[in-house]
Amino acid sequence: MDLTLRFSRSVSKTEISSVGISPSTSAAFAIYTAAQTAQSWIDVFDPKNGNGYSKTSGSRAVFSAQGSRLATVRDWTVQLQGGVDFHHSSTVFLRDYVSGKTVHELKEAKGEPIAWSRDGRLIAVGEAKDRVGVWDVKSGMRVGRVLSHIDAITHAAFLPDSSLVTASRDGTLRITNTTTCKTMRRLEIDGSNNPRALAVSPNGRRIVSVWGTNVHIWIPSANDLTSYNLNAVRSCEGWPLAISPDCRYMLCRTEDGFDIMDVATGSVIYEETTEEMVMSGAFAEDSSALVLGRMDGVVEVRDVFERRA
Numbered sequence: 000m001d002l003t004l005r006f007s008r009s010v011s012k013t014e015i016s017s018v019g020i021s022p023s024t025s026a027a028f029a030i031y032t033a034a035q036t037a038q039s040w041i042d043v044f045d046p047k048n049g050n051g052y053s054k055t056s057g058s059r060a061v062f063s064a065q066g067s068r069l070a071t072v073r074d075w076t077v078q079l080q081g082g083v084d085f086h087h088s089s090t091v092f093l094r095d096y097v098s099g100k101t102v103h104e105l106k107e108a109k110g111e112p113i114a115w116s117r118d119g120r121l122i123a124v125g126e127a128k129d130r131v132g133v134w135d136v137k138s139g140m141r142v143g144r145v146l147s148h149i150d151a152i153t154h155a156a157f158l159p160d161s162s163l164v165t166a167s168r169d170g171t172l173r174i175t176n177t178t179t180c181k182t183m184r185r186l187e188i189d190g191s192n193n194p195r196a197l198a199v200s201p202n203g204r205r206i207v208s209v210w211g212t213n214v215h216i217w218i219p220s221a222n223d224l225t226s227y228n229l230n231a232v233r234s235c236e237g238w239p240l241a242i243s244p245d246c247r248y249m250l251c252r253t254e255d256g257f258d259i260m261d262v263a264t265g266s267v268i269y270e271e272t273t274e275e276m277v278m279s280g281a282f283a284e285d286s287s288a289l290v291l292g293r294m295d296g297v298v299e300v301r302d303v304f305e306r307r308a
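If you number the sequence shown the way numbering that gives the first Met the number 0 does, the last residue is 308 and the count never jumps.
These are computed hints drawn from the structure, not numbers from a lab.
It cannot be assumed that every hint is accurate.
As the list claims (entries may be wrong) - With a cut-off of at most 27 Å between alpha-carbon atoms, the simulated BS3-like pairs for lysine-lysine come out as follows:
1. Lys100 - Lys47
2. Lys47 - Lys106
3. Lys128 - Lys109
4. Lys106 - Lys128
5. Lys54 - Lys137
6. Lys137 - Lys100
7. Lys106 - Lys54
8. Lys54 - Lys109
9. Lys181 - Lys137
10. Lys181 - Lys109
11. Lys128 - Lys100
12. Lys128 - Lys54
13. Lys137 - Lys106
14. Lys128 - Lys181
15. Lys100 - Lys12
16. Lys47 - Lys109
17. Lys47 - Lys12
None of the values given here were measured: they were computed from a predicted structure.
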């Protein structure tokens, strides 16, 4: 694998905490917190040339799988005595990223996690009481829920049949029929309550998750589970930042820069030393591009080339 720099874009003077790239349109975002105001901002731009689309306040964002919709989370805070900011609520908005205009506000949604269905018609968003609600994007109505976790749900991803995979601090991965709220499959992760990443392959066959330093590749239809520990397969410590949408690659931050692993084998297939620390990353839908967010507020867009045998 080889990476080449398409361009770099200075977005802020503070850390880029999150980045994303649209599965269906030429758009990417970078999230940062303004140093003076502690307000989080979502900067949406074109990954082909770096031209800006819009900028809106928000601490979290996820692109729709289809079209120009972007789900954003706005945190509401009040300043208490002594200048302490108290977070009292969050609102989830569905926006058009080109205009920045709000299309829907999802009532009762609190923000984490967020996942869009493959056709862009449904969106799953975290609620109170360790639950996830599923909304119809067109009507703005809630049409389903995940109710069976007993601790915070940290990650979610739709399967092609619109059932929802969720990872929770209760140590379970669940596949739920959100219309009936019933669990279809469940995987218990022994000894771990620290889910760090979740991805589902396009055909829904493979579910990749990272818990602590353990990577699990689950194929529910075959009752097959393959697992390995990152510290056992790596020569240096790595902190997972992103799994590619096809579940083939995993981007990790290292103390010297970053590297990319082959998920199936655990082998490092690309590594790079950087002057600035890489803090966030996202792969394009076909893994042909990579967006990196740096500690110094710069976003890089890289082209990814696979070496042919």
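Each hint tested on the structure:
1. Lys100 - Lys47: Cα-Cα ~23 Å, so holds.
2. Lys47 - Lys106: violated, 35 Å
3. Lys128 - Lys109: holds, 11 Å
4. Lys106 - Lys128: holds, 15 Å
5. Lys54 - Lys137: holds, 24 Å
6. Lys137 - Lys100: holds, 15 Å
7. Lys106 - Lys54: Holds: Lys106 and Lys54 sit about 23 Å apart, inside 27 Å.
8. Lys54 - Lys109: Satisfied, since the Cα-Cα distance of roughly 21 Å is no more than 27 Å.
9. Lys181 - Lys137: holds, 24 Å
10. Lys181 - Lys109: holds, 22 Å
11. Lys128 - Lys100: violated, 30 Å
12. Lys128 - Lys54: violated, 32 Å
13. Lys137 - Lys106: holds, 14 Å
14. Lys128 - Lys181: holds, 17 Å
15. Lys100 - Lys12: Distance ~26 Å between Lys100 and Lys12 Cα, so the pair holds.
16. Lys47 - Lys109: violated, 33 Å
17. Lys47 - Lys12: Measuring from Cα to Cα gives roughly 23 Å; hence the hint holds.
When each numbered hint is compared with the structure, violations occur for hints 2, 11, 12, 16.
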